[in-house]
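Participant: Residue numbers (this note's numbering), protein chains in the order written: chain A, -4 to 111; chain B, -4 to 111; chain C, -4 to 111; chain D, -4 to 111.
Don't read these hints as lab results, they were simulated from the structure. A couple of the hints might just be wrong.
Copies of the same chain are indistinguishable here, so a pair counts whether it falls within one copy or spans any two.
As the list claims (entries may be wrong) - Derived EDC-like pairs (lysine to aspartate or glutamate); straight-line CA-CA distance at most 16 Å:
1) LYS96 x ASP76
2) LYS96 x GLU46
3) LYS96 x GLU12
4) LYS96 x GLU62
There are 4 protein chains.
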Amino acid sequence: MNELQRFLEDLRSFNAEREWSQFHDPKNLSMLLTSEAGELLALLRWVPNTEADAYASQPAARQQLTEEIGDVGIALLLLCDRLGIDLLLALRAKLDLNRAKYPVEQSRGRWTKSES
Amino acid sequence: MNELQRFLEDLRSFNAEREWSQFHDPKNLSMLLTSEAGELLALLRWVPNTEADAYASQPAARQQLTEEIGDVGIALLLLCDRLGIDLLLALRAKLDLNRAKYPVEQSRGRWTKSES
Amino acid sequence: MNELQRFLEDLRSFNAEREWSQFHDPKNLSMLLTSEAGELLALLRWVPNTEADAYASQPAARQQLTEEIGDVGIALLLLCDRLGIDLLLALRAKLDLNRAKYPVEQSRGRWTKSES
Amino acid sequence: MNELQRFLEDLRSFNAEREWSQFHDPKNLSMLLTSEAGELLALLRWVPNTEADAYASQPAARQQLTEEIGDVGIALLLLCDRLGIDLLLALRAKLDLNRAKYPVEQSRGRWTKSES
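So here's chain A without its partners, still in its complex pose (with noise of 0.2 Å):
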């Protein structure tokens, strides 16, 4: 059993005690999922892209931004586990995705509308 999985172990038993596997199927994950991205994206939305990395470098910031990754990684893995999908897998499966759809050399230093 891999770090990962012994997170989730232990992220199923904080649902399990409190009974909330009723409340999370995949459509209110979903959800969970995006409005937490949403928040991630709040902290940045004034920062100019120039600034970015000092600004996620000060302290309150780095706490602030570290919380919501969080946020976003728990979402991410509730939706993994009840969809039953290996969020590895699904990791590897899409990069493979996206060295086909992007060939190193019309891609370099280059970014498109559907890079992702």
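Dock chains B, C and D against the given chain A, drawing on the hints supplied.
Facilitator: This is chains B, C and D only, laid out in the frame that chain A set:
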């Protein structure tokens, strides 16, 4: 090195080959994360709560959901990497905060606006 | 001048007094819009579809929803104003596109992934 | 009847013809709104702040932004209509709240995390 770290190494190589880290400041990555979460949300916006599990188990929907989960996870890892934040530590820290914020007895079977 | 335009005049004055237009480039405003939409989403993430209308009619929930709708609408108008886009023209143009995209006979009583 | 109300009448007819109001409970509409906002966000995620105005003025980008603004506005009006909320009243009420929350002297030229 655990599996998540091995994936992160592959992700770094993928982006280095394409010279994309110039676009990956924390602000832009927060936008990537939220827009990818929004695509996942779109898959479920017309599906009733009561049908969400069944819907998500259909092969075509499951494939789409898996791809969007991959996109969200990649964006989250890119953001963690840029910020120098360890995702697993952020997850554990947030779960600890949630344990304090949502005591079992007061939280059992109930959701609140701020639950996360 | 219609009511929406009168409100836009007030909104411009509000921002001019605070010298906030320096922060209101299209990128930042797209982040404002989405993060405010995410706050609205958060209000309904644990409410089942079948209870959403009843929930939204409770005074406290209605007040919260009204405030978030105000935030989203303000962000949308600020973005339109920055881009020099007339919201009503954009609405009419999009409804015309949707009429062509979703013919009545094929669309009746059915949703599709891309429906909007 | 003002222009916004006239558009709302057309929007109601469009949805009535397609029998779509059955899908348009407040929860689903909050998901529509946020996923459409996420599409708008995606258009600008790789554009630097300093280039955002120029980017948005290019015909192709402007057309895409206009369409996404139309989608977001339609979702917002559908939600207002379902909830029986007058958008213009919600806008005015929120701007009044913001006037109290962000006094001119303390807010001039400064943004805060919660600014909206």
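Participant: Against the structure shown, which of the earlier numbered hints fail to hold, in ascending order?
Facilitator: 1 and 2
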